[in-house]
Amino acid sequence: MRFLLRTLSLSYVRRHLAKTILTLLGVVVGVATFSSIESAKETLVKGIRSTVDRVAGKAQLQITMEGGVPEGVQEQIRALPGIRATSPVIEQIVTPEKGELGSLMVIGIDLLGDREMRDYGFEGDDADLDDPLLFLAQPDSAIFTRQFSEKAGLKSGGSIALKVPKGVKKVTARGVLTPKGFAEAFGGNLMVVDVYAAQDLFGRGRRFDRIDVRLDEGTSIAQGTSVLEKALGPAYRVETPGKRGEQIEKIVANFVAGFNVSSGFALAIGIFLIFNAFNVAVNRRRRDIGTLRALGATPRQVQLLFLAEALVIGLAGGLLGTLAGTTFSQAFLKMMGQTSETLYGVTSSGVVRLPPVVVLQSMLLGIVASLIGAWGPALTASRISPTEAFAKGAFQARPPGNPAMRIIAGVATLGSAVLMAIKPPFGGNPFIFAELLLGGAGIMLLVGPLARLLLICLVPLVTRCAPVAGRLAGDTLLGNARRTSGTIMAMALSLTFVLGLGGYMGSTKKALERWMNDSLTCDLFVRASANFNRPDFLFPGGLRDELLQLPGVKSVESFRATRPLYQGHQIQVTSIEIAPLLERMKYDFTQGSVETMRRGLTMEGKCAVSDNFSRRFKLRVGQSVELATPEGKVSFQIAAVMRDYGSDQGTVLLDRSQFLRYWQDDRVDIYDVSVLPGTPVGQVRDLIRVMLSGRYPALVSTRQEFIAEISKAIDAFYALTRVTLFLALLVAFLGIVTALLISVAERTREIGILKALGALPAQLARGIVQEALLLALVGLVLALPAGNLFASFMEGPLAELFTGWIMPHLYPWDILVQLLVALPLISALAAWIPARQAGRMKIVEAIEYE
Amino acid sequence: MFFIRIVRHLWFHLALVFLLSIICTALSWASPDARAFLKESEQRHRTRTQQYAGELTVVNKDGKVRKKGWKSFREGYAGDARNLIRFVDPPEVKGVGFLSLAKPGGQNPDQWLYLPSMKRERRIAAQDRDSSFVGTDFSYEDMEEFDHEKYKVALQGEQTFESFPCYVIEAVPLEKKGKSVYGKLILYLRKDNLYLLREDLYRKGEKEPGKRMILSDLQQIGGHWVARKMEMTDLKKGSKTTVLLKEIVFDKPQPVSRFTLQNLNREGGE
Chain B
47 MRFLLRTLSL SYVRRHLAKT ILTLLGVVVG VATFSSIESA KETLVKGIRS
97 TVDRVAGKAQ LQITMEGGVP EGVQEQIRAL PGIRATSPVI EQIVTPEKGE
147 LGSLMVIGID LLGDREMRDY GFEGDDADLD DPLLFLAQPD SAIFTRQFSE
197 KAGLKSGGSI ALKVPKGVKK VTARGVLTPK GFAEAFGGNL MVVDVYAAQD
247 LFGRGRRFDR IDVRLDEGTS IAQGTSVLEK ALGPAYRVET PGKRGEQIEK
297 IVANFVAGFN VSSGFALAIG IFLIFNAFNV AVNRRRRDIG TLRALGATPR
347 QVQLLFLAEA LVIGLAGGLL GTLAGTTFSQ AFLKMMGQTS ETLYGVTSSG
397 VVRLPPVVVL QSMLLGIVAS LIGAWGPALT ASRISPTEAF AKGAFQARPP
447 GNPAMRIIAG VATLGSAVLM AIKPPFGGNP FIFAELLLGG AGIMLLVGPL
497 ARLLLICLVP LVTRCAPVAG RLAGDTLLGN ARRTSGTIMA MALSLTFVLG
547 LGGYMGSTKK ALERWMNDSL TCDLFVRASA NFNRPDFLFP GGLRDELLQL
597 PGVKSVESFR ATRPLYQGHQ IQVTSIEIAP LLERMKYDFT QGSVETMRRG
647 LTMEGKCAVS DNFSRRFKLR VGQSVELATP EGKVSFQIAA VMRDYGSDQG
697 TVLLDRSQFL RYWQDDRVDI YDVSVLPGTP VGQVRDLIRV MLSGRYPALV
747 STRQEFIAEI SKAIDAFYAL TRVTLFLALL VAFLGIVTAL LISVAERTRE
797 IGILKALGAL PAQLARGIVQ EALLLALVGL VLALPAGNLF ASFMEGPLAE
847 LFTGWIMPHL YPWDILVQLL VALPLISALA AWIPARQAGR MKIVEAIEYE
Chain C
5 MFFIRIVRHL WFHLALVFLL SIICTALSWA SPDARAFLKE SEQRHRTRTQ
55 QYAGELTVVN KDGKVRKKGW KSFREGYAGD ARNLIRFVDP PEVKGVGFLS
105 LAKPGGQNPD QWLYLPSMKR ERRIAAQDRD SSFVGTDFSY EDMEEFDHEK
155 YKVALQGEQT FESFPCYVIE AVPLEKKGKS VYGKLILYLR KDNLYLLRED
205 LYRKGEKEPG KRMILSDLQQ IGGHWVARKM EMTDLKKGSK TTVLLKEIVF
255 DKPQPVSRFT LQNLNREGGE
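Chains B and C are the protein sequences, given in the same order. All residue numbers for the first sequence refer to the working numbering, where the first residue is 47 and numbers rise by one. All residue numbers for the second sequence refer to the working numbering, where the first residue is 5 and numbers rise by one.
Keep in mind the hints are simulated off the structure, nothing from the lab. A virtual CB, placed ideally from N, CA and C, is assigned to each residue, including glycine. Worth double-checking, as some hints may not be accurate.
Unchecked claim - Pairwise CB distance ranges, derived in the manner of DEER restraints:
(1) B/Gly288 to C/Glu179: 43 to 49 Å
(2) B/Ile267 to C/Lys250: 51 to 57 Å
(3) B/Gly145 to C/Arg127: 55 to 61 Å
(4) B/Lys276 to C/Ala158: 39 to 45 Å
(5) C/Glu153 to B/Gly588: 17 to 23 Å
(6) C/Arg124 to B/Gly288: 32 to 38 Å
To be verified - Here are the simulated EDC-like cross-link-like pairs (lysine to aspartate or glutamate), alpha carbons at most 16 Å apart as the crow flies:
(7) C/Lys123 to B/Asp246
(8) C/Lys123 to B/Asp186
(9) C/Lys195 to C/Glu44
(10) B/Lys888 to B/Glu755
(11) C/Lys183 to B/Asp262
(12) C/Lys195 to C/Asp93
(13) C/Lys183 to C/Asp221
(14) B/Lys289 to B/Asp99
(15) C/Lys241 to C/Asp134
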């Protein structure tokens with residue numbers, strides 16, 4: 047085998063270096079996409095987990111509660127049996143004014159007693175803060191890690207400007223931490239402040255984000271948890287730092303899991319490229335195969351030869367793809383980090399270090415993809431008889447299998463995928479896997495025969511427009527059914543992915559925009575936090591009265607959102623003054639009505655839930671939602687179910703009076719301000735800004751601005767998906783280039799004869815461009831229904847499974863128009879190199895070819 | 005004969021008992037009770053109130069110096085002491101306050117630190133008693149008044165310290181109602197006036213003292229002995245904190261509200 051690889055395979059590679067490189071490139075792009083996404087994902091998730099662990103220090107348990115843990119809890123638990131030490135913590139991510147320094151994690155701790163919990167490796171000769179009293183007495187005091195201090199050029203006593211909720215604030219460095227243990231959290235971009243200063247800085251009132259607990263020796267985690275849970279009640283979560291890390295990891299994992307689909311698609315398209323390249327290689331080397339078979343090589347040996355070649359390509363492609371992936375992964379991590387911070391309020395900072403598991407997975411994927419791609423052609427090669435091998439043209443002209451059988455099988459599998467999507471027999475990941483498998487198999491089976499059918503219809507039309515070039519292109523495509531179907535398959539798959547994912551993105555955005563237009567109806571939004579999902583700051587409840595006093599203000603509603611766990615899912619519990627809200631808001635009810643909601647929430651202490659909450663937890667009007675509150679578990683009967691896109695895990699809406707009663711927390715996320723008719727909105731906004739200036743964050747947005755900001759956040763969510771769409775198109779482009787290069791190489795003799803008969807290089811080039819255009823057009827026509835089906839699947843069963851939402855389907859016309867403009871250009875570009883190659887061919891050499 | 009033998013035997017026992025009682029009495033005269041010394045010391049030096057202006061100097065092992073000024077007010081003594089400290093200098097720390105209120109029955113005192121920038125007090129928890137008091141070599145536990153009733157005491161002998169003959173007393177925390185960070189204290193009590201001159205502080209499980217407090221520059225003010233210099237050395241870190249006591253006044257009536265949380269939280273409240 048080694049001899050055959052050295053002589054036959056290597057000489058083929060030498061003769062067709064460009065094609066081999068393109069085949070390799072298919073694997074490289076697929077593996078690079080997978081490896082970069084996976085490395086960035088692993089680094090992000092690992093970074094989050096590591097930050098949680100490092101910040102936790104020696105804490106064995108952590109107490110949290112939605113909305114924050116009241117200060118009094120610390121006193122309440124200090125004397126409990128088995129508790130050695132407790133320490134309050136506030137965590138917040140801020141951005142330095144110099145954005146290039148990256149996000150900074152602020153940890154507020156009680157420096158008086160926190161050394162029981164965390165080891166502070168202070169730098170300096172006395173291994174302590176320069177002046178602890180000064181640190182405590184001055185609220186602008188901060189400790190930085192050496193890593194960050196060096197990056198920011200900070201020395202002890204020096205100051206740095208940070209963007210905090212109240213505006214830009216200068217903090218003074220009064221200590222430096224050595225980069226070990228705790229100081230390595232968040233990639234070293236860490237700032238430690240006094241927890242009480244953090245309360246004021248981030249509007250936590252008299253609450254902490256959590257209380258870290260260290261247990262006495264001899265007290266087990268289970269005992270400690272039980273004692274604390276008993277003392278605190280159901281509203282509090284008592285978890286080990288590891289469990290908390292897992293919980294955060296789970297939230298982010300849902301987001302990053304989406305990228306697995308993208309990398310899977312990139313790899314699937316890569317497989318088609320390999321399939322195509324090997325298919326052609328088998329065709330071109332049929333004489334070699336015939337000779338081998340005539341000399342006594344068994345079919346198995348021939349098959350093994352091709353598979354060995356695939357293995358080499360897989361190994362090389364896997365290695366190069368992994369290396370290429372590392373260069374992109376840092377950019378991916380940055381995008382993922384920003385999006386996860388916007389969406390979930392959690393992120394990590396750090397440098398991507400290629401995890402060994404990802405290297406192994408990427409290499410394996412490269413090899414497996416190559417072997418899968420080469421399996422079919424290798425099998426075909428092994429079945430070539432010596433007589434057939436030496437009969438020129440017989441193999442090329444052979445149609446690929448029985449088209450009728452393929453069509454029947456394709457329709458059957460695709461049909462069962464559609465039926466299964468309409469009425470899923472089972473749920474979860476098995477359902478998604480089965481759907482993708484059946485749908486993908488159906489499309490693959492149908493693409494070949496349908497592509498041929500379309501080409502038969504299109505070629506006469508094209509020939510009528512361009513008699514010479516059109517006929518040349520048509521003959522080439524129809525003459526080599528296998529190569530054409532492989533290229534179109536890769537093309538159709540890429541475009542299905544683009545249309546499907548793009549369509550899903552468009553439908554989701556449109557649905558959210560409609561919902562925003564209906565629900566965000568007040569004139570001004572006075573926000574405490576720039577982040578939509580992480581309360582960086584909360585307004586005091588009393589601010590509403592002050593806002594109402596301002597001239598021109600008609601009404602003010604206080605919106606508050608908390609994110610507790612409900613049956614293991616992080617749902618959203620929101621509260622607002624319902625009666626005035628219903629006066630101005632247009633809810634789209636799926637159960638109940640405005641009247642049942644008004645009466646239920648304001649008079650009967652009931653709740654309203656979002657449609658995705660109702661669907662996810664199978665709860666209807668009349669049934670109850672049991673929520674853990676600081677007062678214990680409270681059941682709220684459902685008065686109405688309405689369409690709401692506030693949380694992908696579901697929303698429970700309460701009247702503010704109920705929230706104040708059970709949660710005893712009057713702080714507010716957003717004040718919805720409506721102005722009196724005729725009063726300029728800008729004027730009221732200026733008044734609010736003046737009122738808040740220097741006291742609270744002054745994030746006042748008009749309705750249009752607020753909607754635009756949310757839309758920006760949605761765009762950020764899809765930014766990475768867009769990158770993967772681009773990669774899919776890149777792979778499709780590579781597919782066309784490969785197919786055309788192969789086509790030109792195969793037709794060397796034919797091109798030589800055409801040139802000898804007087805064909806001009808421009809005519810030949812036009813023929814190749816038309817070939818590319820036809821490939822793209824057929825791919826697009828086939829991708830239109832397939833993409834639509836894929837989009838429907840994502841908007842319906844898939845979205846319902848993960849979020850409970852069913853997005854209304856909208857055809858992605860905008861993407862289609864973009865493709866109709868971009869594809870001819872891309873195809874023409876892809877045809878440029880092969881066309882140039884054909885034009886430069888010397889007649890004598892071409893005729894002598896083969 | 006038998007009777008004589010019984011009488012002889014009885015006399016022998018009586019003589020033995022008498023001899024033993026003489027030895028015991030002599031021994032007790034020769035080795036006075038440590039508790040009695042400490043009680044006597046407390047009785048002699050107890051004042052109703054005390055106030056002074058303190059100059060605090062912290063010198064780290066490399067000679068870096070940090071200086072602060074405070075005013076201290078105390079009412080009661082030892083087990084019933086109430087103490088308020090208010091920092092007055094430098095301006096960046098002015099107004100920072102510390103309140104310590106002794107609790108009965110051997111419990112640890114309640115302690116709070118007030119930070120004017122936060123406009124609120126924060127309670128010092130039991131777990132924080134070992135923490136440094138605002139960056140000095142004193143811990144929050146060291147800021148308590150020494151109360152011998154919270155310790156099991158034993159006289160270890162006599163020794164001369166700084167040319168003064170002293171009683172050396174070992175004090176082991178009883179920890180009946182409040183834990184201590186120390187395993188034991190060795191006290192040097194000046195023999196002539198029973199004033200504490202030195203205290204070696206041993207952390208739990210340690211054989212060598214971790215810290216040493218030396219009181220010097222003894223003077224009589226208003227009829228009371230007082231050390232005008234207090235020096236706490238961290239023997240491990242090599243740092244030293246010195247407090248110089250000035251403007252010392254004893255037994256001046258203190259307002260009832262001085263030793264309250266409300267007063268602590270009053271910025272500049274003395």
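Tested hints:
For the pair B/Gly288 and C/Glu179, the supplied restraint of 43 to 49 Å is violated, since their beta-carbon distance comes to about 34 Å. Hint check: B/Ile267 to C/Lys250, Cβ distance near 53 Å, so the stated range 51 to 57 Å holds. Taken as a hint, the range 55 to 61 Å is violated for the pair B/Gly145 and C/Arg127, whose Cβ atoms sit roughly 40 Å apart. Distance hint for B/Lys276 and C/Ala158: a CB-CB separation of about 43 Å, consistent with the stated range 39 to 45 Å.
A C-beta distance of roughly 50 Å is found between C/Glu153 and B/Gly588, which places it outside the suggested range of 17 to 23 Å. About 34 Å separates the C-beta atoms of C/Arg124 and B/Gly288, a value consistent with the hinted range of 32 to 38 Å. Taking the CA atoms of C/Lys123 and B/Asp246, the gap is about 11 Å. The hint holds against a cut of 16 Å. With a C-alpha separation of about 15 Å, the suggested pairing of C/Lys123 with B/Asp186 holds against the 16 Å cut-off.
Among the hinted pairs, C/Lys195 with C/Glu44 is consistent with the structure: their alpha-carbon atoms are about 11 Å apart, no more than 16 Å. Pair hint B/Lys888 plus B/Glu755 does not hold up; C-alpha atoms about 61 Å apart against a cutoff of 16 Å. For the suggested pair C/Lys183 and B/Asp262, the alpha carbons sit about 14 Å apart, so the restraint of at most 16 Å is met. Taking the CA atoms of C/Lys195 and C/Asp93, the gap is near 37 Å; set against the 16 Å cutoff, the hint is violated.
Restraint check: the Cα-Cα separation between C/Lys183 and C/Asp221 comes to about 32 Å, which exceeds 16 Å; the hinted pair is violated. With a C-alpha separation of about 10 Å, the suggested pairing of B/Lys289 with B/Asp99 holds against the 16 Å cut-off. A hinted pair counts as satisfied when its Cα atoms are at most 16 Å apart, and C/Lys241 with C/Asp134 qualifies at roughly 15 Å.
The structure fails hints 1, 3, 5, 10, 12, 13 (numbered hints given earlier, in ascending order).
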